[in-house]
Each structure stands twice: as C-alpha cells, then as structure tokens.
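K.L.:
Below are the chains, spelled out letter by letter.
Protein chains: 2
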Amino acid sequence: MARNIIVIGSGAAGMTAASTAKEKDPSANITVFTEDEDIAYSPCAIPWGIEGKSAWNDIVMHTPEFYEKERGIRVHTRTRVESVDDSAKTIVAGGETYPYDSLVIATGGRVFVPPIDGADLGNVFIVRTVRNGKDIQAALNGAEKVVIGGAGVIGLELAVSLKEMGKDVTVVEMMDQVIPRIADKDMADVIQADLEKLGIKFIMKAPIQSVNGEGKVSSVTAAGVEYPCDVMIFATGIRANLDIPKALGFDIGVLGALVVSPTLQPYKRGRMVPDIYVAGDLVQCESAIMPGATMSQLGSTAVKQGRVAGNNAAGAEKMLFGAVASPWVSVIANRQIAGTGLSRGLASWYGIDVVEGKSKGSTRARYYPGGTEMVVKVLADKTTHRIIGAQIIAGEEATGRIDWLTAAAVSGMTAEDFLFRSENAYCPPTSMVRDPVIAAVENLCINLKQ
Amino acid sequence: MARNIIVIGSGAAGMTAASTAKEKDPSANITVFTEDEDIAYSPCAIPWGIEGKSAWNDIVMHTPEFYEKERGIRVHTRTRVESVDDSAKTIVAGGETYPYDSLVIATGGRVFVPPIDGADLGNVFIVRTVRNGKDIQAALNGAEKVVIGGAGVIGLELAVSLKEMGKDVTVVEMMDQVIPRIADKDMADVIQADLEKLGIKFIMKAPIQSVNGEGKVSSVTAAGVEYPCDVMIFATGIRANLDIPKALGFDIGVLGALVVSPTLQPYKRGRMVPDIYVAGDLVQCESAIMPGATMSQLGSTAVKQGRVAGNNAAGAEKMLFGAVASPWVSVIANRQIAGTGLSRGLASWYGIDVVEGKSKGSTRARYYPGGTEMVVKVLADKTTHRIIGAQIIAGEEATGRIDWLTAAAVSGMTAEDFLFRSENAYCPPTSMVRDPVIAAVENLCINLKQ
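Protein chains in written order, with our numbering: chain A, 13 to 462; chain B, 13 to 462.
Source of the hints: derived by calculation from the structure; they are not laboratory data.
Predicted model only: the values in this text are computed from it and were never measured.
Warning: the hint list may mix true and false statements.
[Said to hold, decoys possible] With a Cα cut of at most 25 Å, we get these calculated BS3-like pairs of lysine-lysine:
1) K370(B) with K330(A)
2) K34(B) with K372(A)
3) K101(B) with K258(B)
4) K197(A) with K209(A)
5) K179(B) with K101(B)
6) K101(B) with K34(B)
7) K157(B) with K209(B)
8) K175(B) with K394(A)
9) K330(A) with K157(B)
10) K65(A) with K213(A)
11) K101(A) with K146(A)
12) K101(A) with K330(A)
13) K461(A) with K370(A)
14) K330(B) with K461(A)
15) K330(B) with K394(A)
16) K461(B) with K34(A)
17) K372(B) with K36(A)
18) K330(A) with K461(B)
19) K370(A) with K65(B)
20) K36(A) with K157(B)
21) K36(A) with K81(B)
22) K65(B) with K175(B)
23) K175(B) with K372(A)
24) K330(A) with K34(A)
25) K146(A) with K157(A)
26) K228(A) with K372(A)
27) K370(A) with K36(B)
28) K370(A) with K34(B)
29) K34(A) with K34(B)
30) K370(B) with K34(A)
31) K280(B) with K209(B)
32) K81(A) with K372(B)
33) K101(B) with K157(B)
34) K461(A) with K34(B)
35) K213(B) with K175(B)
36) K34(A) with K81(A)
37) K36(A) with K370(B)
38) K175(A) with K197(A)
39) K36(B) with K461(A)
Starting from the given sequences, assemble the full structure and let the hints guide the process.
P.N.:
Structure representation (structure tokens):
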C-alpha cells in the first residue's frame, strides 16, 4: 500500500521535505497542511517584495495547484492542524482526521514580539509572511515615518527598502550595535555608518517599552524617549513555534527549541520518536565549531534539513543532518556582509578566548575597473588555534568566500594549517592575487604568536 | 652585519620575495636583478592592457624608484644575471660580482614556441611581458587578421580583447577542446560556443606547422591548411626557465621543473642546497589531491611561494610551502570559468577512475533580478569517493566557490562527507537557498552509488 506522508508547514523546510519525499518514493501520498495562504517562498525576500524589486508572484515560487499537478503533492492552505496523535499516527485538521505513516513537522518559527502595551495596535506589523509584506505595503501608502524594531539583518534590509521608497526610517535596537550576536561590532559599525549616510536613523541601546496610539500606532517609546511614527514593524527575531511538539510532550532543549537526532527525529523523555521528522526553524542544532547547542534559523539550513527529513520520511536510504556553522550573507545597501561560525559574542557564550586577524583588500586586482573594498576578519580560538569564525564585508563576491571559510572551520583547521594549505583562485576581474582571506589568516597567525 | 639578499626575477614571485624579506628583516640589503624593463606586474593582465581596459601604468604596480624609496629594495632592470657561484655565494650581473647571504631564484617561465619555421618573422609575438603587450598593441594598428596559437586561458582572454578591438580573430589549437588539460570538454565547449557567437573562429586539432611570410608574417599553416594573417601570437603555455638552475646542476623533476623542499630550497644530486630559495613558475610542485608531482604556474602560487621564499631567505621563523590543488579562474567574455584540482584529463595521468556530479542553477534567487546561470561540476575518485576536483561556469561569484571546493578537496573530504558537513550562505541577491555546489555534490553521491 502507498505510504501516507503528512507535512505540517509550507516554508522552505516543509516544501523541500514534501518534494524530496515524493522524489524518493514516487508512489507515496503526500499531503501538506499550512496555516499560510502562500507556500514555498523565502521570508528573506519580503523586504524586496515590499519595495517592488521582486514581484510577489515571483517570490512565491509555486502555487498549490502546481504542486498538485506537477509533483503529485496535495497542499491544504489556510488550514490549521488542530492535533497530532503520535500513537494512533493521525492528525486532525479542518475537523477531519488523516492517518500518516510518516509525519514531518516543519512549523518554523514566529517573530518574537516583546510583551508590551500597544503591540496589537493598527499599523503595527511583523515581517515574516508574504501576507505581512502585502499588509505592510498597503499601510505604507501615505505613511511617512516608520519605526523598525530590531537591527538584525531583516530589519536592516527592510530599512533600506523603505528608505528607497522615500520613507523616514528609524531603527530601534536594544543592543549597542547592528546585526548583534552574529556580527562583531567593528564590522557591524561599517554597515551602520553606511545606512546613516543614506539617512536612516538609529536609536541604539534602546529596548522598546511601548507602542502608543489610539486604534492605530502614533508613536513608539524606547529607553524613555517617544518616537512618532505612522507604521511600526517588529523585526525582532524568530522563536521556534513549538505548539505541536509541546502538545506531544517532545523534549525541548536548552535554547528553547526541539532536540533532534541526526536523522531529524525528536525525542520524548529521552527516547527517539518513531515515524516523526522535523525540519526548519523549530530545530535546535549542534555547533560544528565547538561542542554545544546552537540555533540556525536560516533558509539554507531549512532546505538542508527538509531534504534529510523528507528523505527519511520516505524510507529511503538514510540521510543524516550534521552539525552547523551557519554561514550567512546579506546585501545591505551597496555592501554584502557575510559571516560564519562564532562571532566574538557567540564565542563568549562558549567561554572561548578569541584572537582575530583582519585584512583589507579589494574584490578585483587594483588596476581592474569596478573593484570594491573587501574587509575580511577571521577568528581563532586562542587555546587550539582552530578557526572558529569569520566575517566579510565587500561590494561583491563575499558568499563563496564565507562558504570557503566555513569548510575550513568545520574541518577543524587551525589558522596555521589554513595558511599552509589554502590556495585562492586568481584573475584580475574577480580577485586579488593574494586573497584578503589568506592575508587575514596570515595576520591571525601573527597575532596568535603574541 | 646586515644580511645581503639577492633576488633574481621581478615577477609576482620575485617581488613578493623581496618585499617579504624586507618586512621580516628590515636591516637586510635587498637587491633584485631582472632582464625585464618593467617589474611587479601580473602577466594575466596583458590582454586587458592591449585592449586598453586597464592602463599599462596601472598594471605595473610599482616602479624601481618606488621600491628603492618606499621599501629600501634596489632593483636593477634590463640586467641579466650571467652566473651564480653557489660555493662562493656570489652572482655576476652587468659585469659586476655581488655577494649574497641568501639568494632567491625567481626567474619564472618562458612561453613555449614550437620549433617551427617562421616563428622569428616580424609581427609574430609571444604574450608574457608588458613589453610584449605594448609591441602587440603597436602591431595591431592597421592589422586586420590575427591568429592566436593556443586556446588556453590567456589565448582566449586575448582573443576576446582583440575581437572587441574589431580584429578578425582565429584561434588555432592542437587539442580537441579549448582550455585543454585543466577544464573538461563539456565545460570548455560552453566557453568555445560563447566565443564563436562573438565571431571568433576556432581551428581545433590543428598543430601549427609553420609561420609563413617574407620578413613579416602573412599566414600560418596548421594541420595542412594555410590561414592568412597580419599578426600571429603564441599563447602556447609556459615552460620553466631553468638556465641558472641547470648551470648550477640542480635536480630537475619529472615534469621538467625544479624539485624543491617545503622550505623552497632546491636539491643538487639529492642534497638540499643551503641559502638558495626558489619561487614561481620554475618550481615543480606536489599535488594536494593525489600523491605525485604537478605544475602550478599561477600568479597566486607565485605570490604564496614568494612569501615563503622571502621569509626563509630573511632567516625568519620558517615558513613552509605545501602541496597544491591550483585553483584558477578566468573571465572570458561574459562568463567566469573556474576550476580546481584534477580535471578528467589530469586525473587520467594518475590512472584514476573519475565519477562526476553536475548541477545547473543560478547565481541569485530565481526571482531576484540580475542572476546568471551557474553550472557546477564536481569530480570524485571512484575508489575512495574523495573529491578530487571541480569546475564552475557562471556570470559571477565563481571564485569564492572554487576556493571553497579547493578547501574541501585538500582536506581529503569524500563526496558523502561534503554533503553531510557543508553549508552555504544564502541571501537572494547573491545565492540560491541550496547552492549549485551542494546540488552538484548530491548528484555526485548518487552517481557514486551506481
């Protein structure tokens, strides 16, 4: 009999799991349930959708009809899964009961909105779904002043998009730097200065205390100061959506997300749960850099987990999901900023003493037109000399280099071994003859000796 | 007493060695001798110089005066080193004898011109030095038809430059593909088709038999056919320049280049030569992919060796030069092509059975404007499943990815381990959520099972 595979969630993790399961077991009945009205899109694209740089219809890669016709996958949109019974192996959705042989839980995360007064006022938004994006777009019509809560990557990308639309944009951030946690302050400050030059205002070290207004937002109070605004958007980070796992009594980890096996199966009081797989923002990961738990709420991680979960749910030859370094990249105004592994902030959570090496170069040979500045910083653990993280700011070509440094870090390479073994491809229109990555590691080796 | 360091050669290897030696031992007397009239430039830039995309003055990074004033390094241009006495530790140049404490030999390579009739005719050139570039530029004035001998990277870059200058360009190649040896035919054919669309003609499997003309070239004969031309340029690859090492009786390796230790010292009848270091195109390298000798005549390798040779010549804490995968990249018309490690052709030299995985994607998210096609091919050894090489064709962002695959290959990662451990940074303007590199390796893993 054909295998019934049910997937809960229609983001990168869920839809990848569904497609992979169908690819591995073409005879399976695959059904996706989602509360969302759109499926198969990247939340990372919302800022560009709001600005109109990418069309909403393009951002949403495929419709439920496409999945039904082209891939034989049924998708129920706007449908909440009310309950899961992991003994009977059934779920209830829209009042109906569906049996499953394998279940994939990919319910993702939710934007964390601080528990303050006024967060439910009109014209106060979160930024996560295409629906959020369209609602923000509509509210911006006629609005002048916008406050964005949170100076993470999405908050900053959004700030640039809104500024390009002619809005008066203020970003309010609790920490003393933009892109907190994953970028170091010296790198983050470069990006903040860029955005200040564009006219975006930053209020730092300012926790949001209340959203004020009658019916609709008229101001935001942060660190005791009131900032008038017509629209307020929370870009305050993602928390795992654990409604279903908690109802089932699955084990939650130290970081408030789901503990999983390398096969991406959850645990219940320390025992692996059979026939259930999880993928995406609700998963707690293991760090590939240092022993310990970490979160990796990235689209690329969701897709990688989706492939493993879908494969295993289909009963194909097992795939395993490993530890993560979580490389990331963002284009903010004219620069790319990318990072991998541990920042100084993350390293301090592990109690590690960090030594860094930095180098400033160009993305092309000095004499070749069109090059941009490239700043590379590589971090090592002072005790073992292992490369534990890196950050790059450049006008182009940061992505592949951060993947390169990721490969070195997860291989456990020391700075000295990297310098000994690493090579860089060179041609004047794409690189310097001695790549800033190599130069940064050479400086790192010098600093490690001191 | 101050250390006397003499460097022979003023290319990437020689000038890097000189600068590094001065950095490590600021009190040293450092003297560079070169037959060239220009110093400190990248031969890779010559095609763009000829076309005028980069100015000759920019391509030449620094003058001898700059080195003298800013770095305290004396440079003798247009000066041949007539002899080296490695017992007395002296060299003779311009009729004078100079003593050395350390000597760096960085005399590079020479363009291989086949021993055929007419190669010495007027308007027949090689492409190596800035002087060559300027001579070609002058000869092109009024010329219409140009034949380029050799469809390697430099030959193709030059072909595009000349075509953009309005010339009628024919490339004559001995092998059945462009970029032979380091690129596989399926990848190379994409580039050849691009160039044919631009109107560049290719004559394949056609060894050059003679250059014909009276005083000046008027035609080239290849595989029995005569091709009329006003200018003929040999871009037929580089052979190590071993004049000095041979005169000294240094050991030459199986690939016709100088055998060196990891400290970059040559050998004489199996014994390491003290106080002499070598760097650049005359060095025979060890492969980081498979045990065995390999050549790595790349600017990036020359600089890396220059740093090691200069450091060791200065008596600083030892640096070692390791084995190479030799990643390379070239921009040919609108595409970048990059490679690393072994191609199918190189792998056959090692007797290895190759399995490949290929993937076609984009350099950006599908919905983000400006993306270009990215084709990635990854090669593994059938026996061990280790990644032994890779090639990428893309409109942008190939360089960092090939460095990434290089790091994986030199770490000895298998395809399966790469799939398990590798992550890619993602943001819509710079990458797909599942990078074509990862997709190619997943296909490789599937093919390895068959």
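K.L.:
Determine for every hint whether it applies to the structure shown.
P.N.:
Results of checking the hints against the structure:
With a C-alpha separation of about 22 Å, the suggested pair K370(B) and K330(A) falls inside the 25 Å cut-off, and the hint holds. For the hint pairing K34(B) with K372(A), the CA-to-CA distance comes to about 21 Å; that is within 25 Å, so the pair holds. Taken as a hint, the K101(B) and K258(B) pair is honoured in the structure, with Cα atoms around 17 Å apart against an allowance of 25 Å. Restraint check: the Cα-Cα separation between K197(A) and K209(A) comes to about 18 Å, which is no more than 25 Å; the hinted pair holds.
Between K179(B) and K101(B) the alpha-carbon distance is near 51 Å, which puts this suggested pair outside the 25 Å criterion. A threshold of 25 Å between alpha carbons decides the hint, and for K101(B) with K34(B) the separation of about 20 Å falls inside it, so the pair holds. Proximity of K157(B) to K209(B) is assessed by CA-CA distance (about 18 Å); at most 25 Å being required, the pair is judged to hold. Taken as a hint, the K175(B) and K394(A) pair is broken in the structure, with Cα atoms around 54 Å apart against an allowance of 25 Å.
For the hint pairing K330(A) with K157(B), the CA-to-CA distance comes to about 60 Å; that exceeds 25 Å, so the pair is violated. In summary, the hint linking K65(A) to K213(A) is supported, as the alpha carbons are separated by about 23 Å, within the 25 Å threshold. Between K101(A) and K146(A), the direct Cα distance comes to roughly 37 Å. Violation of the 25 Å bound is thereby established for this hinted pair. With a C-alpha separation of about 21 Å, the suggested pairing of K101(A) with K330(A) holds against the 25 Å cut-off.
About 15 Å separates the Cα atoms of K461(A) and K370(A), which keeps this hinted pair within 25 Å; it holds. The suggested pairing of K330(B) with K461(A) holds, with an alpha-carbon distance near 14 Å, which does not exceed 25 Å. At most 25 Å may separate the alpha-carbon atoms for a hinted pair to count; K330(B) and K394(A) meet this at roughly 21 Å. Between K461(B) and K34(A) the alpha-carbon distance is near 20 Å, which keeps this suggested pair within the 25 Å criterion.
Restraint check for K372(B) and K36(A): satisfied, since their Cα atoms lie roughly 21 Å apart, inside the 25 Å limit. For the given pair, K330(A) sits about 14 Å from K461(B) by alpha-carbon distance, which is consistent with the 25 Å threshold. Taking the CA atoms of K370(A) and K65(B), the gap is about 31 Å. The hint is violated against a cut of 25 Å. Among the hinted pairs, K36(A) with K157(B) is inconsistent with the structure: their alpha-carbon atoms are about 56 Å apart, more than 25 Å.
Among the hinted pairs, K36(A) with K81(B) is inconsistent with the structure: their alpha-carbon atoms are about 68 Å apart, more than 25 Å. At most 25 Å may separate the alpha-carbon atoms for a hinted pair to count; K65(B) and K175(B) meet this at roughly 13 Å. With a C-alpha separation of about 35 Å, the suggested pair K175(B) and K372(A) falls outside the 25 Å cut-off, and the hint is violated. A distance of roughly 15 Å separates the Cα atoms of K330(A) and K34(A); the hinted pair therefore holds under the 25 Å criterion.
The suggested pairing of K146(A) with K157(A) holds, with an alpha-carbon distance near 18 Å, which does not exceed 25 Å. A distance of roughly 47 Å separates the Cα atoms of K228(A) and K372(A); the hinted pair therefore is violated under the 25 Å criterion. As the CA atoms of K370(A) and K36(B) are separated by approximately 19 Å, the hinted pair is consistent with the 25 Å bound. Taking the CA atoms of K370(A) and K34(B), the gap is near 21 Å; set against the 25 Å cutoff, the hint holds.
Among the hinted pairs, K34(A) with K34(B) is inconsistent with the structure: their alpha-carbon atoms are about 63 Å apart, more than 25 Å. Of the pairs offered as hints, the one joining K370(B) and K34(A) holds, with about 22 Å between alpha carbons and a cut-off of 25 Å not exceeded. Distance restraint check for K280(B) and K209(B): the Cα-Cα separation of roughly 52 Å exceeds the 25 Å cut-off, and the hinted pair is therefore not satisfied. Annotation: proposed proximity of K81(A) to K372(B) holds, straight-line Cα distance about 24 Å (limit 25 Å).
A threshold of 25 Å between alpha carbons decides the hint, and for K101(B) with K157(B) the separation of about 51 Å lies outside it, so the pair is violated. Proximity of K461(A) to K34(B) is assessed by CA-CA distance (about 20 Å); at most 25 Å being required, the pair is judged to hold. For the proposed pair K213(B) and K175(B), the alpha carbon gap of about 10 Å is at most 25 Å, so the pair holds. At most 25 Å may separate the alpha-carbon atoms for a hinted pair to count; K34(A) and K81(A) meet this at roughly 13 Å.
Note on K36(A) and K370(B): the hinted pairing holds, with a Cα-Cα distance of about 19 Å set against a maximum of 25 Å. Taking the CA atoms of K175(A) and K197(A), the gap is about 23 Å. The hint holds against a cut of 25 Å. For the proposed pair K36(B) and K461(A), the alpha carbon gap of about 15 Å is at most 25 Å, so the pair holds.
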